[in-house]
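Participant: Starting from the given sequences, assemble the full structure and let the hints guide the process.
These protein sequence lines are chains R and W, in that order. 3 is the number of the first residue of the first sequence in the numbering used here; add one for each residue after it. -19 is the number of the first residue of the second sequence in the numbering used here; add one for each residue after it.
Keep in mind that the hints are not guaranteed to be accurate.
To be verified - Derived EDC-like pairs (lysine to aspartate or glutamate); straight-line CA-CA distance at most 20 Å: (1) Lys22/W <-> Asp88/R; (2) Lys64/R <-> Glu54/R; (3) Lys36/W <-> Glu105/R; (4) Lys80/R <-> Glu105/R; (5) Lys80/R <-> Glu54/R; (6) Lys(-18)/W <-> Glu46/R; (7) Lys22/W <-> Glu46/R.
To be verified - Quick list of simulated restraints, FRET-style, between CB atoms: (8) Lys36/W <-> Leu41/R: 25 to 35 Å; (9) Met89/W <-> Gln43/R: 35 to 45 Å; (10) Ser(-8)/W <-> Lys73/R: 43 to 53 Å; (11) Tyr19/W <-> Arg66/R: 28 to 38 Å; (12) Pro20/R <-> Tyr19/W: 24 to 34 Å; (13) Tyr19/W <-> Arg99/R: 27 to 37 Å; (14) Lys47/W <-> Lys73/R: 18 to 28 Å; (15) Asp58/W <-> Arg66/R: 41 to 51 Å; (16) Lys47/W <-> Gln61/R: 23 to 33 Å; (17) Arg99/R <-> Pro92/W: 15 to 25 Å.
The hints are simulated quantities; they were obtained by calculation from the structure and are not laboratory data. In this text, a Cβ means the ideal position worked out from N, Cα and C, and glycines have one as well.
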Amino acid sequence: EAGVVQSPRYKIIEKKQPVAFWCNPISGHNTLYWYLQNLGQGPELLIRYENEEAVDDSQLPKDRFSAERLKGVDSTLKIQPAELGDSAVYLCASSERDRGYNEQFFGPGTRLTVL
Amino acid sequence: QKEVEQNSGPLSVPEGAIASLNCTYSDRGSQSFFWYRQYSGKSPELIMSIYSNGDKEDGRFTAQLNKASQYVSLLIRDSQPSDSATYLCAVKTANAGNMLTFGGGTRLMVKP
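Facilitator: Next up, the structure:
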């Protein structure tokens, strides 16, 4: 069974430029998560989707970050404009259905460097 | 106080020894507990989940949960150099919309 797929794996951009990350979850997984991980820290949730609905986006900086999951399968996370402090690893995860017990599986992540 | 706390380490153990990794959490309503292993430059990999008080064993790994003490641990028996990684404790709380909160991780080093 294929795991969570993310692209690109690495991205280097200059500040104020836009950037987008793509994620395809494990087949059949209804719930999709975007996390941000800084060096030496655990992942922090940015947004959670149940099918195509964003059910938890309280941690998403909405002035520059946006996300969509139009058909309830793959998802895109966008930053516009990027700032130096956005340099981090952006992780996508999925689970079958978020009912409190379901396990989350992570993709390989996208390492973003903002110069 | 952080919601999920782990000693950042590094925890150094000799090959063949038992590695003991600890995690405490602040929310008594927490229901599900997970241990992830993260190799340097890689993404977190789920290795154990535990939902009830007591021990849960899977191969060389044992997860222990004590909800009264708000404490969860991971034991790795017969530690191998390939176990050297950062171990992340994650806690899911229903009251927080089932959000998964991660600790900062403990770096484990297993020396040959």
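Participant: Now, for every hint given, state plainly whether the structure supports it.
Facilitator: These are the hints, each one checked on the structure:
A hinted pair counts as satisfied when its Cα atoms are at most 20 Å apart, and Lys22/W with Asp88/R qualifies at roughly 19 Å. Taken as a hint, the Lys64/R and Glu54/R pair is honoured in the structure, with Cα atoms around 18 Å apart against an allowance of 20 Å. Taking the CA atoms of Lys36/W and Glu105/R, the gap is about 16 Å. The hint holds against a cut of 20 Å. Of the supplied pair hints, the one linking Lys80/R and Glu105/R is violated, its CA atoms being roughly 26 Å apart against a limit of 20 Å.
At most 20 Å may separate the alpha-carbon atoms for a hinted pair to count; Lys80/R and Glu54/R meet this at roughly 16 Å. A threshold of 20 Å between alpha carbons decides the hint, and for Lys(-18)/W with Glu46/R the separation of about 13 Å falls inside it, so the pair holds. Only pairs whose Cα atoms come within 20 Å are accepted, and Lys22/W paired with Glu46/R is accepted, the gap being roughly 16 Å. About 31 Å separates the C-beta atoms of Lys36/W and Leu41/R, a value consistent with the hinted range of 25 to 35 Å.
The hinted window of 35 to 45 Å between Met89/W and Gln43/R is violated, with their beta carbons roughly 19 Å apart. Taking the beta carbon of each, Ser(-8)/W and Lys73/R are about 48 Å apart, inside 43 to 53 Å as hinted. Take Tyr19/W and Arg66/R: their Cβ atoms lie about 31 Å apart, and the range 28 to 38 Å holds. Pro20/R and Tyr19/W have their C-beta atoms about 31 Å apart, which keeps the hinted 24 to 34 Å range intact.
Between Tyr19/W and Arg99/R the CB atoms are about 28 Å apart, so this pair conforms to the stated range of 27 to 37 Å. A beta carbon spacing of about 40 Å between Lys47/W and Lys73/R contradicts the range 18 to 28 Å that was offered as a hint. For Asp58/W and Arg66/R, the Cβ-Cβ distance of about 48 Å falls inside the hinted range of 41 to 51 Å, so the restraint holds. One distance hint, 23 to 33 Å for the beta-carbon pair Lys47/W and Gln61/R, holds here, with the actual separation near 26 Å.
Separated by about 43 Å at the C-beta atoms, Arg99/R and Pro92/W break the suggested range of 15 to 25 Å.
Consistency with the previously given hints fails for numbers 4, 9, 14 and 17, ordered from lowest to highest.
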